[in-house]
Amino acid sequence: MTSAMFPGSFDPPTLGHINIIERSAKLYDKLYVVVADNIAKKCLFTAEERIKLIKDNFIGLDNIEVLSYQGLTVDIAKQLNVDVMIRGVRALADFGYEFELAMTNKQLLPGVETLFMPTDPHYFLLRSSAIKEMAAFGADISKMVPKNVAIELSKKVVSRNNF
Numbered sequence: 001m002t003s004a005m006f007p008g009s010f011d012p013p014t015l016g017h018i019n020i021i022e023r024s025a026k027l028y029d030k031l032y033v034v035v036a037d038n039i040a041k042k043c044l045f046t047a048e049e050r051i052k053l054i055k056d057n058f059i060g061l062d063n064i065e066v067l068s069y070q071g072l073t074v075d076i077a078k079q080l081n082v083d084v085m086i087r088g089v090r091a092l093a094d095f096g097y098e099f100e101l102a103m104t105n106k107q108l109l110p111g112v113e114t115l116f117m118p119t120d121p122h123y124f125l126l127r128s129s130a131i132k133e134m135a136a137f138g139a140d141i142s143k144m145v146p147k148n149v150a151i152e153l154s155k156k157v158v159s160r161n162n163f
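Per UniProt numbering, the sequence shown starts with residue 1, numbered consecutively.
Just so you know, not all the hints are guaranteed correct.
Straight-line alpha carbon distances no greater than 25 Å define the calculated DSS-like cross-link-like pairs of lysine-lysine that follow [unchecked claim]:
1) K52 x K143
2) K155 x K143
3) K106 x K41
4) K156 x K30
5) K132 x K78
6) K155 x K41
7) K30 x K42
8) K41 x K132
9) K132 x K52
10) K52 x K30
11) K26 x K156
12) K78 x K155
13) K106 x K147
14) K147 x K55
15) K41 x K52
16) K155 x K26
17) K155 x K106
18) K55 x K106
19) K132 x K30
20) K30 x K55
21) K78 x K156
22) K143 x K106
23) K26 x K143
24) K143 x K78
25) K41 x K26
26) K30 x K41
27) K155 x K42
28) K156 x K132
29) K78 x K147
30) K55 x K41
31) K155 x K30
32) K143 x K30
33) K132 x K42
34) K143 x K156
35) K132 x K143
36) K26 x K42
37) K132 x K106
38) K55 x K42
Just so you know, these hints were derived from the structure itself, not from any lab.
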């Protein structure tokens, strides 16, 4: 059985993330979507909320498992016994960062390969941080995130702006 993992913060999950997950799930018997639960990083959504937002888009797909982790990505890769880490790249700047990360991971866990998956051109400009900012200013983000994410993001933004 071949398995891979797609790690990330997914704060919030975008249509670009969903696209990478869908495409990756076709390549592997098992795909773990691993949500980073980094207490040092200030996320809008909790790890549990991000897991639910992702899971709700893949109901009925048995080869996708969504979970969270704290710590090094290579440690969860070892624990899950995966052979491949999938990393989405949008542009050359993404590739430079992701390449350095892949080389570091390779030193820490030589048996795991990194697969760079270019984003679908429809989602080339999607960046979670920009989407959160646009949502805070009331922009229409419905073409950038799944419907469930747009609903939950608008609730979060409204509750934050009421302070």
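How the hints compare with the structure:
no. : hint        : result
1   : K52 x K143  : holds, 20 Å
2   : K155 x K143 : holds, 17 Å
3   : K106 x K41  : holds, 24 Å
4   : K156 x K30  : violated, 32 Å
5   : K132 x K78  : violated, 32 Å
6   : K155 x K41  : holds, 21 Å
7   : K30 x K42   : violated, 30 Å
8   : K41 x K132  : holds, 15 Å
9   : K132 x K52  : holds, 18 Å
10  : K52 x K30   : holds, 19 Å
11  : K26 x K156  : violated, 33 Å
12  : K78 x K155  : violated, 37 Å
13  : K106 x K147 : violated, 36 Å
14  : K147 x K55  : holds, 13 Å
15  : K41 x K52   : holds, 19 Å
16  : K155 x K26  : violated, 33 Å
17  : K155 x K106 : violated, 40 Å
18  : K55 x K106  : violated, 29 Å
19  : K132 x K30  : violated, 30 Å
20  : K30 x K55   : holds, 15 Å
21  : K78 x K156  : violated, 34 Å
22  : K143 x K106 : violated, 36 Å
23  : K26 x K143  : holds, 23 Å
24  : K143 x K78  : violated, 36 Å
25  : K41 x K26   : violated, 31 Å
26  : K30 x K41   : violated, 28 Å
27  : K155 x K42  : holds, 18 Å
28  : K156 x K132 : holds, 10 Å
29  : K78 x K147  : violated, 34 Å
30  : K55 x K41   : holds, 22 Å
31  : K155 x K30  : violated, 33 Å
32  : K143 x K30  : violated, 28 Å
33  : K132 x K42  : holds, 13 Å
34  : K143 x K156 : holds, 18 Å
35  : K132 x K143 : holds, 13 Å
36  : K26 x K42   : violated, 32 Å
37  : K132 x K106 : violated, 32 Å
38  : K55 x K42   : holds, 22 Å
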